[in-house]
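Asks: Now for the letters of each chain:
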Amino acid sequence: MQYMLLIYDNEAEMAANRKGATDVMMAEYREFTDSILKSGNMKAGDALQPTSTATCVRIRNGKTLTTDGPFAETKEQLGGYYLIEAKDLDEATKIAARIPSAKSGTVEVRPVRVFAG
Amino acid sequence: MVRGAQSSPTPHAISSGAVASSREAVEQVFKQERGRILATLIRILGDIDLGEEALAAALEAALVQWPAEGTPANPRAWLIRTARNKAIDQMRRRALLDDKRAAIEADAALEREDAGGGADVTEFDEVAVRDDQLRLIFTCCHPALAVEAQVALTLRTLCGLETDEIARAFLVPAPTMAQRLVRAKAKIQQARIPYRVPDAEELPARLDAVLAVVYLVFNEGYSASSGAALIRRELCAEAIRLGRLLVELLPGESETRALLALMLLTDARRDARVDADGEMVLLEDQDRARWDREEIREGLALVEAALRAGPPGAYALQAAIAGVHARALRADETDWREIAALYGVLRVANPSGVVALNHAAAVAMAEGPAAGLRLMDAIAADGSLAGYHLLPAARADLLRRLGRLSDAAAAYREALALVGNDADRRFLERRLAQVSPARA
Chain V
102 MQYMLLIYDN
112 EAEMAANRKG
122 ATDVMMAEYR
132 EFTDSILKSG
142 NMKAGDALQP
152 TSTATCVRIR
162 NGKTLTTDGP
172 FAETKEQLGG
182 YYLIEAKDLD
192 EATKIAARIP
202 SAKSGTVEVR
212 PVRVFAG
Chain X
16 MVRGAQSSPT
26 PHAISSGAVA
36 SSREAVEQVF
46 KQERGRILAT
56 LIRILGDIDL
66 GEEALAAALE
76 AALVQWPAEG
86 TPANPRAWLI
96 RTARNKAIDQ
106 MRRRALLDDK
116 RAAIEADAAL
126 EREDAGGGAD
136 VTEFDEVAVR
146 DDQLRLIFTC
156 CHPALAVEAQ
166 VALTLRTLCG
176 LETDEIARAF
186 LVPAPTMAQR
196 LVRAKAKIQQ
206 ARIPYRVPDA
216 EELPARLDAV
226 LAVVYLVFNE
236 GYSASSGAAL
246 IRRELCAEAI
256 RLGRLLVELL
266 PGESETRALL
276 ALMLLTDARR
286 DARVDADGEM
296 VLLEDQDRAR
306 WDREEIREGL
316 ALVEAALRAG
326 PPGAYALQAA
336 IAGVHARALR
346 ADETDWREIA
356 ALYGVLRVAN
366 PSGVVALNHA
376 AAVAMAEGPA
386 AGLRLMDAIA
396 ADGSLAGYHL
406 LPAARADLLR
416 RLGRLSDAAA
426 AYREALALVG
436 NDADRRFLER
446 RLAQVSPARA
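Sequences listed follow chains V and X, in order. With the first sequence counted from 1, adding 101 to any position gets you our numbering. With the second sequence counted from 1, adding 15 to any position gets you our numbering.
To be clear, the hints were calculated from the coordinates, so they are not data collected in a lab. There's no promise every hint is true.
[What the hints assert, rightly or not] In silico lysine-lysine, DSSO-like type, Cα no more than 30 Å apart, as pairs:
#1 X/K200 - V/K195
#2 X/K202 - V/K188
#3 V/K176 - X/K46
#4 V/K188 - X/K200
#5 V/K188 - X/K101
#6 X/K101 - X/K46
#7 X/K202 - V/K144
#8 X/K200 - V/K144
#9 V/K139 - V/K176
#10 V/K120 - V/K176
#11 V/K195 - X/K101
#12 V/K195 - V/K144
#13 V/K204 - V/K120
#14 X/K46 - V/K204
Keep in mind it's a predicted model, so treat the numbers as computed, not measured.
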C-alpha cells in the first residue's frame, strides 16, 4: 500500500537557520533517503522551493485566475514529500517519524487512493 | 442489558449437546459470546462492518436452526463458521458484480480458510480467541483515531453496545455517533490501521492509550449527571469488564491491574455517594456500610499486586489512594498522611492541576486547613485550573473550616459561577447558605 508523507515546516524559521544547522539537516535527509531506498520503501520524493515561488490557479466562471502565493496562509508550509510503500499505517508512521523535519515541523501521512477497475 | 462479569468463561458450560434450544437460550449464548466471536470474525474477514453483518446473519440462522435441530456441541465454533461462510458468500456475490478477479480472490480466501483443515481447533481455541480480542482492542484504541472515536468503537465492537446507547451515554445525538463510527471504521480500512498487538517496543505507549480509553469510559459513567443514569451505570460496568479482560489478556502489565483496582475501589462507593434525594454525598459523610465490600476486597488485592510489581505508575498510585480510603471504616480513621504522601508522588509522576488540588486537599486533612490553603492559593496563582469549579469550591471549604466565613462565601460564589452539573450546584448552594449570615 502506498502512502504520501507530506512534510510541513516553518519556512521562516528554516530560512533563518545558521548554515551549520542547515548542513546537518541536509545530511540527515540524505541518510534518511538512502535508508528508505535500501529498505525498498521509497517510491518517490522531492523537496519543494519555498512558498514565495508558489502560484495558485483557479478556474471561475470559465476564466482562469492565476495568483501569487500559496493556497493558504499557515504557520507551517508544505516543503516536500515522500511517496512510500508500506504494509500498513504503523509502518508508514514509523517511517514518517524518521523524517528529519518531524523534529521541528509536522509530517502528514495520507494513504494513496486506489480506484477500482 | 447486564452482561456477565465472568473473567474466564468456560465455553463448555454453555454447550448442551444436541438439545433443542429456545430463542432465549440462543440469545443468551449469543450475548455471552458476541464480543469474542466478533473479534475472530474481524480478523478473518479483515473488516469490522463485514464482521458485524456476518455475525447478525449467523444469529438469524441460529434462531432458526437451533430450536429445530438442537444446540450444536460447540455453539461458538458453529456461530463463527456460519458467520464466516455467510460473509464469504456475500463477498463473492459482491465480487461477481464487480469483477472476475475479485471473485477468484474471494474463492481463494475461502479455500485457505478451509484448507486450514483443523480450522476448528486453531481458530476457536481460547488462546486464539484472546489474541483476536487483544488485537481488536489495540485497533479500536489506535492513536491515529480521535479519542472520541476510540471510545465509541471500543464500546460498539468490544462491549456490543448499540450506537444509540453509546450516543445517549455521551449525550450526543444518535446520528452524530453513527457518523463518528462510520468515519472511524472507514479510516481503519482506508489508511490500513493494522489489526495486531503492538510489538514490545511500542507496547507501553499503546497500552497507555488503551487504559486511558477504558478509564474515560469509567469516568463518563461515574460522573453524576442527569437523564440517562441507567446507561451511565452500565458504562462503569463495561469499563470494569474491559479492565478485567485486559488483566486476563496482559497478565504481566501491572498498570492494567492497577486500573482495574482503581475502578473497583471507586465503584464500590457508588451507592453511598448519592443520598435518597439524589444529592451528592461527600466522601467524609458517606455511610460506609453501603460500600461494596466485595469490590473493595478484590480492589485491595489488585493494588497490592500492582505495588509489589515495581515502581508504581499513575494508576497504581491513584488505586493506592482509593485503597487507603477503602480501608478506613470511619472517615476519621482515614490515614491522611499516607494519602498526602501518595499524592505527593503522583504529582511528580503525573503533574496536573487536578492532582495538585487533590494533594493540597489531602495536606489540609493531614496538617490542617492553613497548610492546604497555602498550596491551593499557589495553584490558583499559576492559573493551571482556571475555570475549574472545584478549585474555588475546595478553597471555600478550607476558608469555612478556618472560620473566614465571608471569604468562604465569596469562594463558593466563584465556584457557583463555574459549575456545570446540577448535583454539584445544589451542594455548593447549600454550603453557601451555611456560611452566609442568617437573615432576620
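Asks: Does the structure keep X/K200 and V/K195 at a Cα separation of 30 Å or less?
Replies: Since the Cα atoms of X/K200 and V/K195 sit roughly 22 Å apart, the hinted pair holds (cutoff 30 Å).
Asks: Straight-line Cα separation of V/K176 and X/K46 no greater than 30 Å?
Replies: Measuring from Cα to Cα gives roughly 51 Å; hence the hint is violated.
Asks: When you check the alpha-carbon spacing of V/K120 and V/K176, does it fall within 30 Å?
Replies: holds, 22 Å
Asks: Starting from X/K46, check that the Cα of V/K204 is at most 30 Å away, please.
Replies: Roughly 48 Å between the alpha carbons, so the hint for X/K46 and V/K204 is violated.
Asks: Quick one, are V/K195 and X/K101 close enough, alpha carbons at most 30 Å?
Replies: This hinted pair is violated, its Cα atoms lying about 37 Å apart.
Asks: Between X/K101 and X/K46, does the CA-CA distance stay at or below 30 Å?
Replies: holds, 20 Å
Asks: Quick one, are V/K188 and X/K200 close enough, alpha carbons at most 30 Å?
Replies: The given pair, whose Cα atoms are some 18 Å apart, holds under the 30 Å limit.
Asks: So if I understand the rule, the pair passes when the alpha-carbon distance is 30 Å or less; does X/K200 with V/K144 pass?
Replies: holds, 28 Å
Asks: Given the hint that X/K202 pairs with V/K188, test it: the Cα-Cα distance must not exceed 30 Å.
Replies: Holds: X/K202 and V/K188 sit about 15 Å apart, inside 30 Å.
Asks: Given the proposed pairing of V/K204 with V/K120, does the C-alpha separation stay at or below 30 Å?
Replies: holds, 18 Å
Asks: For the pair supplied as a hint, X/K202 and V/K144, is the alpha-carbon distance within the 30 Å limit?
Replies: holds, 23 Å
Asks: Is the hinted pair V/K195 and V/K144 satisfied, with a Cα-Cα distance of at most 30 Å?
Replies: holds, 16 Å
When each numbered hint is compared with the structure, violations occur for hints 3, 9, 11, 14.
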